[in-house]
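Chemist: Take a look at the letters that make up each chain.
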Amino acid sequence: MTLPFGEMKVILSNEEVLALSKLTRQQVLDLPPQERMKYLYSIRVKHKKLEVVGKDLLRLLSPYSELNIFFLIGATGVGKTTLIQRLVRVLIERTEAGNSQCVASVPFIYISAPANGDKSISWTTIYNEMLRQADDVALSNKVSTIVSDGVMGVKYKTLAALRQALDSMIKNRNVKVIVIDEALHLLRFGNYSALMDTLKSLADKAGVKLILIGSYDLFDLACDYGQVARRAELLHFIRYYKENKADQAEFMRVISKLQERWPCKQVPNFSKISDELFETSLGCVGILKDLFLQALLLQIENQEKWQPQLLPKAAKSMKLLCKIRTEIELGEEKVKGATYGESYFSGTKLLDVANKMT
Amino acid sequence: MIDECDLFSDVSDIYFEADEITSLRPPTLLYPLEPFGIGTRSAESLESYILRLASAHCVTPHALYKFILSPLLSIHCLAWRNHKSTIGIRRPGCWNGYGLMANTLAMVLAEATSVEKLRYSSLGGLEDLISEFRLFRKEVVFCPTCLEEAPDFTKYYIRLLWSISAVEVCPIHKIALIPQVCGSSARQEGLSQKTLFGICSHCGSVGYKCNTTSSSNANEVQIWRATQIGELIAQSPSFYKLFTKESLKKGIAATIDALGDGYLTPAAKAAGLNKSILWGWLNNKCRPSLHLLLNLCGAANVSLLSVMKGEPEKSALPGAGILKRDVKVWRLPKPSQKARENALHETLLAEVPRSIQKLAKELGITEKCLRNDFPVLAQKITERRRQYRAETAAVKFKQATVECSAAILELERAGKPVTFRNFQMQLNRNILPKSLLYKAFKAMVSPR
Numbered sequence: 001m002t003l004p005f006g007e008m009k010v011i012l013s014n015e016e017v018l019a020l021s022k023l024t025r026q027q028v029l030d031l032p033p034q035e036r037m038k039y040l041y042s043i044r045v046k047h048k049k050l051e052v053v054g055k056d057l058l059r060l061l062s063p064y065s066e067l068n069i070f071f072l073i074g075a076t077g078v079g080k081t082t083l084i085q086r087l088v089r090v091l092i093e094r095t096e097a098g099n100s101q102c103v104a105s106v107p108f109i110y111i112s113a114p115a116n117g118d119k120s121i122s123w124t125t126i127y128n129e130m131l132r133q134a135d136d137v138a139l140s141n142k143v144s145t146i147v148s149d150g151v152m153g154v155k156y157k158t159l160a161a162l163r164q165a166l167d168s169m170i171k172n173r174n175v176k177v178i179v180i181d182e183a184l185h186l187l188r189f190g191n192y193s194a195l196m197d198t199l200k201s202l203a204d205k206a207g208v209k210l211i212l213i214g215s216y217d218l219f220d221l222a223c224d225y226g227q228v229a230r231r232a233e234l235l236h237f238i239r240y241y242k243e244n245k246a247d248q249a250e251f252m253r254v255i256s257k258l259q260e261r262w263p264c265k266q267v268p269n270f271s272k273i274s275d276e277l278f279e280t281s282l283g284c285v286g287i288l289k290d291l292f293l294q295a296l297l298l299q300i301e302n303q304e305k306w307q308p309q310l311l312p313k314a315a316k317s318m319k320l321l322c323k324i325r326t327e328i329e330l331g332e333e334k335v336k337g338a339t340y341g342e343s344y345f346s347g348t349k350l351l352d353v354a355n356k357m358t
Numbered sequence: 359m360i361d362e363c364d365l366f367s368d369v370s371d372i373y374f375e376a377d378e379i380t381s382l383r384p385p386t387l388l389y390p391l392e393p394f395g396i397g398t399r400s401a402e403s404l405e406s407y408i409l410r411l412a413s414a415h416c417v418t419p420h421a422l423y424k425f426i427l428s429p430l431l432s433i434h435c436l437a438w439r440n441h442k443s444t445i446g447i448r449r450p451g452c453w454n455g456y457g458l459m460a461n462t463l464a465m466v467l468a469e470a471t472s473v474e475k476l477r478y479s480s481l482g483g484l485e486d487l488i489s490e491f492r493l494f495r496k497e498v499v500f501c502p503t504c505l506e507e508a509p510d511f512t513k514y515y516i517r518l519l520w521s522i523s524a525v526e527v528c529p530i531h532k533i534a535l536i537p538q539v540c541g542s543s544a545r546q547e548g549l550s551q552k553t554l555f556g557i558c559s560h561c562g563s564v565g566y567k568c569n570t571t572s573s574s575n576a577n578e579v580q581i582w583r584a585t586q587i588g589e590l591i592a593q594s595p596s597f598y599k600l601f602t603k604e605s606l607k608k609g610i611a612a613t614i615d616a617l618g619d620g621y622l623t624p625a626a627k628a629a630g631l632n633k634s635i636l637w638g639w640l641n642n643k644c645r646p647s648l649h650l651l652l653n654l655c656g657a658a659n660v661s662l663l664s665v666m667k668g669e670p671e672k673s674a675l676p677g678a679g680i681l682k683r684d685v686k687v688w689r690l691p692k693p694s695q696k697a698r699e700n701a702l703h704e705t706l707l708a709e710v711p712r713s714i715q716k717l718a719k720e721l722g723i724t725e726k727c728l729r730n731d732f733p734v735l736a737q738k739i740t741e742r743r744r745q746y747r748a749e750t751a752a753v754k755f756k757q758a759t760v761e762c763s764a765a766i767l768e769l770e771r772a773g774k775p776v777t778f779r780n781f782q783m784q785l786n787r788n789i790l791p792k793s794l795l796y797k798a799f800k801a802m803v804s805p806r
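Chains as they are written, first to last, in our numbering: chain C, 1 to 358; chain R, 359 to 806.
I should point out that these hints are in silico values taken from the structure, not numbers from a laboratory.
Just to be clear, a hint being listed does not mean it is correct.
Claimed, not checked - Facing chain C, according to a computed beta carbon distance under 8 Å, are these residues of chain R, among others:
{"#": "1", "residue": "371"}
{"#": "2", "residue": "384"}
{"#": "3", "residue": "417"}
{"#": "4", "residue": "422"}
Claimed, not checked - In the PhoX-like style, the derived pairs of lysine-lysine whose C-alpha atoms are separated by at most 20 Å in a straight line are:
{"#": "5", "chain 1": "C", "residue 1": "171", "chain 2": "R", "residue 2": "797"}
{"#": "6", "chain 1": "R", "residue 1": "800", "chain 2": "R", "residue 2": "754"}
{"#": "7", "chain 1": "C", "residue 1": "38", "chain 2": "C", "residue 2": "257"}
{"#": "8", "chain 1": "R", "residue 1": "754", "chain 2": "R", "residue 2": "797"}
{"#": "9", "chain 1": "C", "residue 1": "157", "chain 2": "R", "residue 2": "424"}
{"#": "10", "chain 1": "C", "residue 1": "171", "chain 2": "C", "residue 2": "200"}
We put the CB at the ideal spot given by N, CA and C, even for glycine.
Hey, can you work out the whole structure from these sequences and the hints?
Modeler: Encoded structure:
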C-alpha cells in the first residue's frame, strides 16, 4: 500500500463517514486499503466510562447550575476529544432540528488553544479564533467603545475591541458553550490568576459555559484561584484499571467490538491477549485504538496476513509508555479528592449519611 | 440548555464519527437585531438600523458598509456600485426611501439578518404614490425627550418619522425637532462622522448632552402634520394592501370636490397650491409630494390616511382646517342659461357692446362655453362689435384728421416745413407709426 502523502492528515467528511457506516462486512473487505484504514479510523466504541462522563458533563451543563467553567481532564488517549465530538454533534442536531429560540444562533464554539511559538499566550489569537468559528464579519476592523462619565471613547483594532466583539457575538448568536481544547497551551501564560480572571469574566459576562480540555496540568489552573473554584468543576475522565474486574470486563468488550469490525479477512484474535493489550494501552481506549490502527496498517503492508510479529511495531515503545504511565499516575494522585463526585459525602462518610437518612 | 438528552442514547455500541469538529455555521451573515417600533409611528429607519448593526458587530458603519453590505448590494443593483458615501450623507432617500436602491438595501439586510420586518423600515410601497422630491431631510434631527426616555445608549435610534422633511415636531411630546449641534469644545479622537445615533461625533457625549439648542413648543398645524405622517408610517407593513394609485387619485378628487365644490381653482387657492399642481395629480402627470398633499388635506380638514385610502374622512385632531384660505371674495355662482341669454341680449343692444370674452369673465364662465351655448347671439354680438369698432375707428380717424389739419395749418403759418418731425413738435407728443394721427398726417401730406 502506498502512503497517501497528499493527505498527511486524515480529515473525513460527514458524508464519507456516513457512507462507511452503511457498508456490510463484505463491502468493507472489498474496499481498497486506504478506505479500510479510514473505516477503522472512523469507528468509535461506546463504553461505560465514556457514558458516565458524558452524563456527568450534561448534568453540569444544565442551565440551572451556577457552575460555568469546567475542566475535562484525563490521561492522554482516554477519550476526552471523542466525548466532546459527541457533545458537539448532539448540539448541532438539536440546533438543526429547530430547537433553538434564536434563528441565527450558534450554540457552541470549539477552538483549540494555539501553540504558535509565542512565549506567552496571545489572547488576540484566541479571540480571533472564537470569532472566526462563529463566522463573524470584519475581524480586522473591530472597534471598542468605552463610556465613561457620559462620554464615549473609541479605540480601533485593540484587544479590547476583540473582546467587546466577542461578548457581543456571544450575546447575539446565543452561544451557550465554548470549548477550548488543548487548554494546556494556556498554561504558558505564567500568571494563572490573570488567566482565570479573563476566563471567569468571559463566562460571567457573556453567560456561557466554558469547557477546558486538557491533561492533569490543568488542575493547577483550576485550584489557583478561590473565586474560580466556586464556579468551576473538575471532571475527571478516569481510565480503566486492570485491578478492577468490572473495568477489565468492559475493556475486553471494547476489544471484542473493535475486533468484530476488523477490516481484513484474517482477523487477529485480540480478545485472547486482552490483558497484554490492557497493559500496553494503560487502560485508555484511545491508545488501544491507535494500537489497532497501527496493527491494521502493518497487516495490510504484510499482504493482509496477520502475524504476532507485527505487534512490537504496533504498540508504543516501552520507555515512552513508562513516561506516559508515570505522568498519568502522578496526575491521578494530584487530582485525587478534587474532582466531580469526590465530595464530603463520598467514601465512608456516604455510608454514615445513608444510614442516617434511611 | 441541554436537557432530557443523553449524549449516547441514539448511538449503538459501535458508531461512526468524523474526526474533525466543525462548529455550526450561523445561518445569517449578520446578527438578527430586532428593529424598533415597526408598525408604529416610532418605527426605526433603515439608516438607524445599520448604525445599530455596526455597533453590535463592533465595527464602524463605514466598515460594515464597505466590507459587508456594498459587495452584496452591488450584485443586486448597479446604482449601489458607484455609491461611495455612507449612511445617507448625500442621498438620504436611498437609505430610507422607496426607490430601487432603498428596496435593494432592505432586501439585502433582510436576507443577511433573516429579519423580514426590515422590509417595512423604509417607505417602500409608496413609490407609485408619493413624489420623492424633497421627501427626506439630509441632516439628522431628533426629539430630545424621546432620547432621554431611552433606558440606555444602546436603545437610541432614529425614527423614520424624523427623516421626513415635512415633519418638524415630535407628535408624542409636541416639541420641535432639533438638529445635533455640538456645543462643546472638547474633541474626542477616533469618532467617525456617523457613529451610533445619540453619540456626538465631535465630543463623544452620550445622549447629545452637548447640544445647546433648545426645543420650542410646536403649533397646532405642525403637530397635526407630524401626527398624520406618523399614522401613515404606522401602516408601513400594509402599504401595498391599503394604498393604490387609484385610491389616492380618488381620495384627492373627493377632497377637491369637498373643498372647492368640484372646482380645481378654489380648492387650489384654499390649499395654497397652484391649480396646475392639482390638475397634474388628478391626471397622472405627476405624483403628489407629501408636503403639498398635507396642505390639501389640512385645508379640507381630512386625514391623510383616509385620502390615500380613497375615502376622505374628517380629521379628528384639532388644528386641521386652519390651513384653509378664505376664497369667498372671488368665487361666483354659475349663472343660469336664461341669465346668460339675457346678458347677451343686453350686450347686443347696448350702445357700446362689450366683447364676448369680457362678458364671459363677468359671468364667471369661459368664452368657449358662451359661444357654444348661444352661437347665433354670439355671432351677432361679434358682428355688432366689429361694426361698432369700425364706426368708432372712422370717428376717431375723422377727429385725428381735424387735429392734423389744424397742426399743419399752424406749421404753414409759422413758415416751417411740413415734416413729420415738425408735426410731432407742434403737437408736442410722440406719435407712433401705427396711430391714427400718423395715418391722417400721411393721408394729408402724401398728395403734396
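Chemist: Each hint should be assessed against the structure and marked as holding or not.
Modeler: So, going through the hints one by one against the coordinates:
1. 371: Holds - the Cβ of residue 371/R comes within 8 Å of chain C, reaching about 5 Å at its closest.
2. 384: With Cβ-Cβ at 5 Å, under 8 Å, it holds.
3. 417: 5 Å, holds
4. 422: Interface hint status for residue 422/R: holds (7 Å vs cutoff 8 Å).
5. 171/C x 797/R: 99 Å, violated
6. 800/R x 754/R: 16 Å, holds
7. 38/C x 257/C: 17 Å, holds
8. 754/R x 797/R: Distance of about 11 Å is within 20 Å: holds.
9. 157/C x 424/R: 17 Å, holds
10. 171/C x 200/C: 16 Å, holds
Checked against the numbered hints listed earlier, the structure breaks hint 5 alone; every other hint is satisfied.
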